[in-house]
Amino acid sequence: DTAVSQTPKYLVTQMGNDKSIKCEQNLGHDTMYWYKQDSKKFLKIMFSYNNKELIINETVPNRFSPKSPDKAHLNLHINSLELGDSAVYFCASSLTGGPNYGYTFGSGTRLTVV
Amino acid sequence: GQNIDQPTEMTATEGAIVQINCTYQTSGFNGLFWYQQHAGEAPTFLSYNVLDGLEEKGRFSSFLSRSKGYSYLLLKELQMKDSASYLCAASNSGGYQKVTFGTGTKLQVIP
Chain A
952 DTAVSQTPKY LVTQMGNDKS IKCEQNLGHD TMYWYKQDSK KFLKIMFSYN
1002 NKELIINETV PNRFSPKSPD KAHLNLHINS LELGDSAVYF CASSLTGGPN
1052 YGYTFGSGTR LTVV
Chain B
4 GQNIDQPTEM TATEGAIVQI NCTYQTSGFN GLFWYQQHAG EAPTFLSYNV
54 LDGLEEKGRF SSFLSRSKGY SYLLLKELQM KDSASYLCAA SNSGGYQKVT
104 FGTGTKLQVI P
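Read top to bottom, the protein sequences are chains A and B.
With the first sequence counted from 1, adding 951 to any position gets you the numbering used here.
With the second sequence counted from 1, adding 3 to any position gets you the numbering used here.
Isolated chain B (complex conformation):
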C-alpha cells in the first residue's frame, strides 16, 4: 500500500520562498508527482521526479530522496496566484501506473 504525508496548511508572504514537504511509505515506488490545484478546479501537473536530486522549472523546483522516502516542492518569488493546494502523489512501478495522492497542502500567500 501507499502512505503519503504532507502538512495540511501553510502560509507564506508574497515574494518569499516556501518549501512544502512530503514523506511517503510505499511498496513498488517508481516516482513522485507534484500537482497544483486551485479551489474549484482540476489538479494540474507540476513535476515528476524519478531520480534523486533537485529538478528546477522556473520558480518551482522539486526534490526527491528515494532512500529517505522524502520529497519537497520549493516555490520561489511567491505570487498571490500561487495560493492553491499542492498535492504530492506517488506512482508505483507495476505494469500499469497507479498514482496515489496525499491529502494536499493548502498554501495561502499573503501580501
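So here's chain A without its partners, still in its complex pose:
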C-alpha cells in the first residue's frame, strides 16, 4: 500500500528517557515533515526536510533531533523526555510542485510521558 507509515503508534515512557519515532513514505514525495498536535488539537510544525536537507526548523527544544537518511525516511529522536512532550506526533510528506501541494499524513504516534 502506498502511504506514510510511522511507528510506533503508541509510546508510553518515563520522564528522562530517550525515544525515537520512525517515518517512511513510499509516495515518491521529496519533502517530509514532523508536526506536533497537543491536547487542544493544535497542529504545529516542528521540522521539514526536502531531499534530506533541513529546510524548516521551528522553535523546538534541541532535545528534539530529526534525521533523514534518504528522502523516503524522516525519523525523530527525543532526548530527556519531559511531561510536556506528551502529544500526538504526525509525520507528513508532500511533493514540491505537485498537483495540489496537499500533505499526506501518517497515522500519528501518541506519546505519553509519565
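A hint or two may mislead.
As the list claims (entries may be wrong) - Calculated lysine-lysine pairs in the BS3-like style (CA-CA distance at most 25 Å, straight line):
#1 Lys987(A) / Lys109(B)
#2 Lys109(B) / Lys992(A)
#3 Lys1022(A) / Lys101(B)
#4 Lys960(A) / Lys84(B)
#5 Lys101(B) / Lys973(A)
#6 Lys1003(A) / Lys1018(A)
#7 Lys960(A) / Lys109(B)
#8 Lys71(B) / Lys109(B)
#9 Lys995(A) / Lys970(A)
#10 Lys101(B) / Lys1018(A)
#11 Lys109(B) / Lys995(A)
#12 Lys991(A) / Lys101(B)
#13 Lys84(B) / Lys992(A)
#14 Lys101(B) / Lys992(A)
Honestly, the hints are just simulated from the structure, not real lab data.
Owing to the predicted nature of the structure, the values given are computational and were not obtained by experimental measurement.
Based on the hints, put chain B in the right spot on chain A.
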C-alpha cells in the same frame, strides 16, 4: 508570521448545510487548505484554494477571498460520518512550502 482563526465548535443537523469560516492574516500567503480529521486519526486533505472563488467537490465546497483573508468550507447534505474536526491551513509562497494550521473546528452532526 501566520494567524489563523476559526470557530472552535459547531453543531448541525443531519441532511442540513453547514458553513465553517476561516480568517487568516499571513505574510507571503500562497493558498488555503482544508483538512478533515476524525477523532484519533490523521488529517486528510479536502481542498486547496489558490485563486479567489468557489471550488466544488461533491458535497464539499471551499471558497477563498484573498483580498479579505477569508475562506469557508461548505458541507451539504450532512451525514453523521461528517462529524470531525475541520482544519483550515495557510501555505506560504516561499521556495519551500510551509503550511500553518488553525486550531480546527469540531463539527458535531446530530440526527
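Results of checking the hints against the structure:
1. Lys987(A) / Lys109(B): 18 Å, holds
2. Lys109(B) / Lys992(A): Status holds; Cα separation ~10 Å.
3. Lys1022(A) / Lys101(B): This hinted pair holds, its Cα atoms lying about 17 Å apart.
4. Lys960(A) / Lys84(B): At roughly 24 Å apart (the allowed maximum being 25 Å), Lys84(B) and Lys960(A) satisfy the hint.
5. Lys101(B) / Lys973(A): Judged against 25 Å, a Cα distance of about 21 Å means the pair holds.
6. Lys1003(A) / Lys1018(A): 8 Å, holds
7. Lys960(A) / Lys109(B): 23 Å, holds
8. Lys71(B) / Lys109(B): 24 Å, holds
9. Lys995(A) / Lys970(A): This hinted pair holds, its Cα atoms lying about 20 Å apart.
10. Lys101(B) / Lys1018(A): Holds - the C-alpha atoms of Lys1018(A) and Lys101(B) are around 19 Å apart, at most 25 Å.
11. Lys109(B) / Lys995(A): Distance of about 17 Å is within 25 Å: holds.
12. Lys991(A) / Lys101(B): At roughly 21 Å apart (the allowed maximum being 25 Å), Lys101(B) and Lys991(A) satisfy the hint.
13. Lys84(B) / Lys992(A): 19 Å, holds
14. Lys101(B) / Lys992(A): 19 Å, holds
The structure meets every hint from the earlier list without exception.
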